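Could you build all of it, start to finish, from the sequences and the hints given here?
Spelled out, the chains give:
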Amino acid sequence: GGIITQTPKFLIGQEGQKLTLKCQQNFNHDTMYWYRQDSGKGLRLIYYSITENDLQKGDLSEGYDASREKKSSFSLTVTSAQKNEMAVFLCASSRTGGALEQYFGPGTRLTVL
Amino acid sequence: GDKVKQSPSALSLQEGTNSALRCNFSIAATTVQWFLQNPRGSLINLFYLVPGTKENGRLKSTFNSKESYSTLHIRDAQLEDSGTYFCAAEAGNYAQGLTFGLGTRVSVFP
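Protein chains in written order, with our numbering: chain A, 312 to 424; chain B, 44 to 153.
Each hint should be verified, as a subset may be incorrect.
Examples of chain B residues toward chain A, derived with CB under 10 Å [to be verified]:
| id | residue |
| --- | --- |
| 1 | 70 |
| 2 | 73 |
| 3 | 83 |
| 4 | 88 |
| 5 | 135 |
| 6 | 136 |
| 7 | 144 |
| 8 | 152 |
Away from chain B, derived, C-beta distances all over 10 Å, residues of chain A [said to hold, decoys possible]:
| id | residue |
| --- | --- |
| 9 | 316 |
| 10 | 339 |
| 11 | 342 |
| 12 | 373 |
| 13 | 378 |
| 14 | 396 |
| 15 | 406 |
| 16 | 410 |
Since the hints were made in silico from the structure, they are not lab data.
Since this is a predicted model, take the numbers as computed values, not measurements.
Cβ coordinates follow ideal geometry from the N, Cα and C atoms, glycine included.
And the structure:
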C-alpha cells in the first residue's frame, strides 16, 4: 500500500499570480500525473512524468509548467492564474508498465480572486 | 467526455435495488478503471480491468475491448453507494494518462 499527499489543500490566488502545487507519493511508482477537474466534470490530464526529470504534456498543458524533482515528488505550477478560475487539481501515480492502475491524492482546490 | 461516454448522467436508486452504469469508448482502450468520487472529492479505486470481468462484494464490472464498452453493476444498493462514478480508459500498454468520462451521479434513497 501507499499514500499520495497533496499540498496545500486549499489555494487562493490573485489574477496573474504564479502558483505552485505539490504532490508526494510513497508507492515507489515511476509515473506521476496531474489532472484538473472542473465543477461537475471529469478529470483532464495536464502533465505526466514517467521518471525523474521527465515531462510529458497532456491535453491541458497550456498555462501550466511541471517539475519532477525526484521519483517521489511532482510539482505543478499555474503560470498566470486566471480571474474567476476555480478547479480541483488531482495528482496520481502508477507503475510505467505492466499493471497501470492509478492511485489518486485528495486534491488541491484552487480559487482565483 | 467525447472519447469516453458515460450513461446515464444521473441515477436515483432505492435502497436494495440493482442498477447498471455504462461506458462506451471511441478510443482503443486497453485497460479501464472505475472510481467512486465521494462527497469530499476523494477518488476511490473500485476496479482496474483488462478485458474481462471482476467482482467485489456488491459491485461487478466488465470490460469488453472488442465492442469498446465497460459496465459497472451495483447490486442491493446501499446509502453509502451514493456519489459520482467515473470510468476512465488507458489506450496503450504503457503509462500515458487516463481519459475520463463525465461521470454518473448516483443517489441512493431509503
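A quick look at each hint next to the structure:
| no. | hint | verdict |
| --- | --- | --- |
| 1 | 70 | violated, 12 Å |
| 2 | 73 | holds, 9 Å |
| 3 | 83 | holds, 8 Å |
| 4 | 88 | holds, 7 Å |
| 5 | 135 | holds, 9 Å |
| 6 | 136 | holds, 7 Å |
| 7 | 144 | holds, 6 Å |
| 8 | 152 | violated, 21 Å |
| 9 | 316 | holds, 13 Å |
| 10 | 339 | holds, 14 Å |
| 11 | 342 | violated, 4 Å |
| 12 | 373 | holds, 16 Å |
| 13 | 378 | holds, 17 Å |
| 14 | 396 | holds, 17 Å |
| 15 | 406 | violated, 7 Å |
| 16 | 410 | violated, 7 Å |
Hint violations for this structure: numbers 1, 8, 11, 15 and 16, all remaining hints satisfied.
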